[in-house]
Amino acid sequence: MSQQLVQRIVAELEAIPLIDPHTHINPHAPASKTLADILGYHYYTELAHSAGLPREQIEEPGIDPKEKVRRLVPKLADLDNTVQVSWLLEMCREFFGFDDDRITESNWEALYDGSAKQMAAGDWEQQVLRKSRLDAVFLTNDFDDPLTGFDTLRYVPCLRTDDLVFKLHEPAVRERLAKATSIEVGDGKSLREAIGRLFEHFVSKGAKACAISLPPYFSPRDDHREYAGVVERASKHIAGYAAGRRTAEGEPFGHRDTEQLVFNTLAEMCAEYHLPFDLMIGVNRRVYEGGVFQGQDLFDQRTSLILYRELFNAFPQVMFPISVLAQVSNQELVSYSWIFPNVVTNGHWWYSNIPAYIETDCRSRLQGVPRNKQIGYYSDMYKLEFALPKFAMYRRVLANVLAADFVVARGWPEERAVALGRQVLRGNVEQVFRC
Amino acid sequence: MSQQLVQRIVAELEAIPLIDPHTHINPHAPASKTLADILGYHYYTELAHSAGLPREQIEEPGIDPKEKVRRLVPKLADLDNTVQVSWLLEMCREFFGFDDDRITESNWEALYDGSAKQMAAGDWEQQVLRKSRLDAVFLTNDFDDPLTGFDTLRYVPCLRTDDLVFKLHEPAVRERLAKATSIEVGDGKSLREAIGRLFEHFVSKGAKACAISLPPYFSPRDDHREYAGVVERASKHIAGYAAGRRTAEGEPFGHRDTEQLVFNTLAEMCAEYHLPFDLMIGVNRRVYEGGVFQGQDLFDQRTSLILYRELFNAFPQVMFPISVLAQVSNQELVSYSWIFPNVVTNGHWWYSNIPAYIETDCRSRLQGVPRNKQIGYYSDMYKLEFALPKFAMYRRVLANVLAADFVVARGWPEERAVALGRQVLRGNVEQVFRC
Amino acid sequence: MSQQLVQRIVAELEAIPLIDPHTHINPHAPASKTLADILGYHYYTELAHSAGLPREQIEEPGIDPKEKVRRLVPKLADLDNTVQVSWLLEMCREFFGFDDDRITESNWEALYDGSAKQMAAGDWEQQVLRKSRLDAVFLTNDFDDPLTGFDTLRYVPCLRTDDLVFKLHEPAVRERLAKATSIEVGDGKSLREAIGRLFEHFVSKGAKACAISLPPYFSPRDDHREYAGVVERASKHIAGYAAGRRTAEGEPFGHRDTEQLVFNTLAEMCAEYHLPFDLMIGVNRRVYEGGVFQGQDLFDQRTSLILYRELFNAFPQVMFPISVLAQVSNQELVSYSWIFPNVVTNGHWWYSNIPAYIETDCRSRLQGVPRNKQIGYYSDMYKLEFALPKFAMYRRVLANVLAADFVVARGWPEERAVALGRQVLRGNVEQVFRC
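Chains as they are written, first to last, in our numbering: chain A, 1 to 435; chain B, 436 to 870; chain C, 871 to 1305.
Read the hints as simulated data drawn from the structure, not as lab findings.
For each residue, glycine too, the CB sits at the ideal point set by N, CA and C.
None of the hints are false.
These stretches of chain B come out as covered by chain C in the derived footprint (C-beta under 8 Å, 3 or more residues):
no., region
1, 741 to 755
2, 761 to 772
3, 795 to 803
From just these sequences and the hints, can you work out the full model?
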């Protein structure tokens, strides 16, 4: 397979303006201000820590941004093989004109100062969006986010619901919910009303999705338990939370029933408000408690989409764009998307977001899943600058697969392969999320 | 690696006449009559449904074949990336002289009418067999199939046993068994006699294998339960079925014991009658109950061949050609075949039957499993026309692996690599199934 | 990607002298004496048995070495596709000047006799070490090995602890422990003292690691059980073993608690004596009881590093080089090494040690794990001659990955890619094991 062919496809894909369907951008401060915003991304702090840098040095309270970068830079030598550091170099090259092949103790300061000057420009955010060809960026908003003070067409609201499902027993969460909705949740009925208000608010602000990340053991509905029983028990538990009751062990009780009730109520609201429900399946939180901020989560590969069987059957009218954390889950995702009309493949998430895994996963999806049911990629970024190198990585993998499996193996004309690429990169985002 | 090399190997492999060791062909109507027989294959109906076509439109009772194709064709545009649609095009090209690059609303009708004329030829079945170089085709026969009225050398009987193992508690199944064997099954002993009669009948008609598909949770023998106890309890349960007894919950009881007893009785008969026992491991039935016919099954990747440990030890004289549904099970299959003399790798099944997975699986098998213990491929087809594109897909993958891993990496002469390919494609089918 | 590039990288990697960080070499008889020592490796006997050779023929008591080879040779024709047989040919070519492309019934005897002459040379061991560029070789020593009579700088002791953790209830093991330490273990405290003595002895002899292989279900510490309780219960069980008590079923009781206590005591000693603790995770022993010696073990892919969560958190000062048996565990290994400072990737073990799996695993590690946390390869050999072909196989895969993912995809100069290869092949072995 000729590299010229791949390069031509990459060039065509680069011309496609993007909607990034999952990020953690703060719309009030979307772009970076210094290199510390970029090197502060957990991918760099956690890798530096894993390679030997003590957490205390990285996360010293009140540390000056430049000092933080000064401390991280020497560790980059141990990380330069990682694809994450290749993103860093690509950002520095593309945005800041950096042209060394590494960031070292002898060249970092010039880069830091020079880039800070560029980022200080009043239109830096616009520059980044333009250079990255980003038309719009989905957010991950807390359920009580007022969603004001930013352009919701550029920064598209998205209702993140982890706290509601997994922390409703925490008084702080119930207070935030009460404040956001003016409803004191005391049973299943008031829960439903409160969640309904959240959806109303989010949809009125242009929200395009509801989203949640889920642990490997979670199942929205149990094959062997009647859902009516869940509703009844969970309603009692919620009343118990409101009354401050706890079990003998001092823990609030009934989490599992409550989790299922809240989750299913969210799915019902997705149906009512015509929102896709993004499921990000498989993360165990706080596995490494001594880790840096956001660098503590891992996973258990022993999970299955069979846990979502009842859900997919119960909500045929809701689209479920699904991300899986374990690469071994990808074949299930391919197969469930091939069978269930309401299951859609979504991006390459976190520990599966390296070329070695993207390549296999991208190939199998393009070979087995209807082309209108694949959302190719999202950046998961915290700062705008990351979209460029992450999408670039994905486009290179995608171009290789399109060249090998479609142009060479099936004899497709290049433009037909590029059209397939365009659909998974952009077209399906518009279609699935109606934007 | 040069494409010329791969092409030369493909050409050599294409010359090998095939025995297809697992299909669902109806020997009384093996070939298609219209394009609806081909597009009606569940791979197309389920993908079209997954891509948005309502089941009711696809499965309208009494629908005319041509009308069915008319409804499916527009949906092909959403599926043209899939390898399944590439089979469709290859069939139309090779059998019907179709030479467009897609089947669309504007060209389908000519294709439909033209192909119908060709399929109406009296020798169409022979034409397909000849063009596909098919010497023989294994069937999947119900246990009460009389096996009469067809050439059993061409269409080789194979005893399918899912109903016996998993549905013996159903009166209809027991009635079919009684009718087929003249034995009323009322305990373990009469069960054994009845199953013995089935084997006698099948073997007398030239059957070459016993086969079953199994759910991910199934284990033929439990490590921690004595098998004698299973026999005793199951025998009582069977007596209970015969007497119409049910448990308190209204369910017939003891399924698990009965399943194990029937399964082990089948294995004993395989030993007695020298039949290989094809195990197809890992399918969950009816996961998507709103799906089209045969488009409802999925899987749980959390399964293991360790569940078959006691079986493989208990029946050293029985060959077990094994197919796994989850691609993550392939390494276990490679390893168990590398260690157990009675475990043989068998084909690339269903959701693992796409080039992205076949390639990895084929490579690991050829690198780790004795060459005389690998059955390369079967078509799993319902209509004869499918063997051609499916085997063609497999041969292309196989040729790439032979070229890269043997000719290039190990310096084998091409003819030696081709001989290895010939053995997994044809030789081992003859040797394992004694045909 | 040009083959010249790959060849140049292979040549550079071949020049690197090796420390082999995990083998089963007997330092009193490290090299082979006849071809039977090589063909007697379980990889050949088990594959020959799997391909049809009865165990009784292979393992006939008192069989002459030449007769053993004579019996195995005909079966090689069924195994010549395997990578294991490619090692055999490479050994014969490189060490014995064999230049046929197969070992057959007509050429094996000349090879046997010629090689026996070469192996009879007084400096054969030195010849093999030199030709294989082996500077040092780690051993796998029983806990009661006196570690005398060999050069511990060349053959580096390593404390293997499977018996202590999984067989402490066996009187023979407790006797060996008592003899080696002069301590009668009767509770947790005396256990700790005895294990302390073992570490003292091993470290005084230059041991560089503690090691263990673990079944898929094992967890060193349970999330939901307080470890203090484990200590207390296990201490009682140990007293029970010493007193010869057994449970009602005739089995010594409390294995699970004892396993955890011994394992954690080992980890504590690793901390105290600054030894890395090699974990080899995932093997089920004696799955095929009719198999040849060392050819009976398999695995269950349903395991997870989440089972080691508490351990990694409890012992931040201990390095854990980890090998996984199931290839599906590799992504967890990559991810846990990316997050936990004390988790290091270690080699490609057993059923994952074939190019098809090494390639994927090597790529993902180089893309996602800090470069100073990857031990590329060990041979796991029983006889010195195996290091050469096994490391050669790994270097070829590594060179391909370095060429494709670093030189071509990232534009690295070749020498930079080679330096990365050098670090995973040699540098990290020195750094992690302090040798």
